[in-house]
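Protein sequences, first through last, are from chains V and D.
Note that the numbering used here gives residue 73 to position 73 of the first sequence, counting from 1, and the numbers run on in steps of one.
Count along the second sequence starting at 1, add 1000, and that's the number in the numbering used here.
Calculated directly from the structure, the hints in this document are not laboratory data.
Misleading hints may appear alongside valid ones.
To be verified - Chain D regions said to be covered by chain V (calculated; three or more residues, Cβ under 8 Å):
1) 1027 to 1039
2) 1045 to 1056
3) 1071 to 1085
What the hints assert, rightly or not - Among chain V residues calculated to face chain D with C-beta under 10 Å, some are:
4) Asn63
5) Ala132
6) Gly135
7) Gly204
8) Gly271
9) Gln322
Beta carbons: idealized from backbone N, C-alpha and C, even for Gly.
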Amino acid sequence: MALAALDPGGSVVGLLYILAFSLFIYGIKLGTHPTTARRGNGIAAIGMAVAVAATLAQKGIGNWWLIVGGIVLGSLIGAFASKRVKMTEMPQMVALYNGLGGGAIALIAWSEYRHWVHQGDEIGKLQNVSDALGGPVLSASIPLEVMIPTLLAMIVGSISFWGSNVAFAKLQELIPSQPMGLPGQKIINGVLLAVLIAGAVFLGFNNELADLNQPVFIGMLVLAAVLGTMVVMPIGGADMPVVISLLNAFTGLSAAAAGIALDNTALIVAGTLVGSSGTILTLEMATAMNRSIPNILFAGFGSPVTGGGSQEERPYQSMGAQDAAIQLAYADSVVIVPGYGLAVAQAQHAVREMADELEKRGVRVEYAIHPVAGRMPGHMNVLLAEADVPYEKLREMDDINPELPQTDVCVVIGANDVTNPAAKTDESSPIFGMPIIEAGEAQQCLVLKRSMSPGFAGIDNDLFYDPKTSMVFGDAKKIVSEIVSELGTL
Amino acid sequence: MDLVTEITILVLAAFVGFEVISKVPATLHTPLMSQTNAIHGIVVLGGLIVVGYSTSTFSDVIGFIAIVFGTINVVGGFMVTDRMLEMFGGKKKKKPEPEEGSK
């Protein structure tokens, strides 16, 4: 109210919004190069500060205590959570933040609707006065171009909030990451969606202020929450990054819808930018895993699939840390295939020590990074960068696969599905067609793993039973540390 | 602003997004996802606007929660992205020109 006096026409706010989203676009552009990415992130953050400041200067802004209190509280929580989170927990952190964004959108849509209901009540009171005086019939309605985006923002925001929370809970292992679902789930989801659409049409047609129906609106908010939960619940942990990315895009689009409802260009542009980037990321991740989006959303990895292989116990070899150390020490070239298990065990520092120790002995050590190693594209690069592994030792899958047959020892640490030869050979396997790191092509293969249990996707891995493969059981960090100390004694 | 103008802005912004973002190397996908995630925290603006015309305590609460959620999304998102990217940067000091690593 006070700040708005500085800009009576509101055009300064509009111009500042243009500055803000220019900074977003420039920030994202800088984010596409490793050397400038950090600066890009900072620039986008400045854009956000400009957008917030401009909004506070808008007409009609009030309730300053709530605004200041909300921003301070949100900043404290956000800053604290970001400092505390471990790098391995990054995917679920992004899921959680994404969910909060979606939740905010749903609440904003609800506030907007309540605002109209209030206006309707006021008009109702005026109507009583008008009737008493024999005056005209008062009426007003919400234009559909405002009503429709509001309903869209509410539905998609609520789906995104609850879907992201389920994704978070699965990745954080608060609930089992295995696919879970009710029989006939697809039908239930279909019915829920149909009811939501019917509800939206009902509310859309009743756009006269006097006909607004808040109970139906709240009911839809709840149904959208149920749908969001039900859609993500049956999805297996391995597909979760794709789902988070998809929900990220959805949240962006619902932000854009909220922008149309509120006549706010900054929301429209920023929301759409996120929507398009999220879509591209989602498609790229899905391509890397050779999965299609409908397949992920509607098929899931299902109940444990055995990939058509035989069910009986198969023989495999295992060895201890000492033997593993000897095998590594006398190799000429070693390729490390890191997976999520490495990240969970926080073994990246121990792995780098092992690599240093081996390099002292003249062994050439490189890392083969699968595009979806870790839980998100590029996640493994971040984790290894944290452990100061030189960037040039990280080799991409397509780049290193042709060299693996000449590699003496391939060390698979906490990775499973990304090395599973079934993806190439077994058409009945759910991961058939997914590009893999051909660890089985190396002369020898060491697999560091907690047990023989199948991986995140619940699929058995033929690599473990290969005669060239030796299993080394235990916690990744502990085994690698043991190998490091064994190497010291050799 | 009329609907057609707003949809025009939306469509153009979508193309800008596709163009700018489709050139990101896979290594930076996680930070990028995190950064764009922070950017959709822009919804906090919506919270700031609706809390202004709240007329009941309940609406105050809804608006307040929306602002808190949106702010966590923004502040947390940018800070987490910065932490990720800091690691790439930290290495740079020891070894200049690291980005040509994969030949």
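Open item on the list: Hint by hint, where does the structure go against what was stated? Just the numbers, ascending.
Closed with: 5, 6, 7, 9
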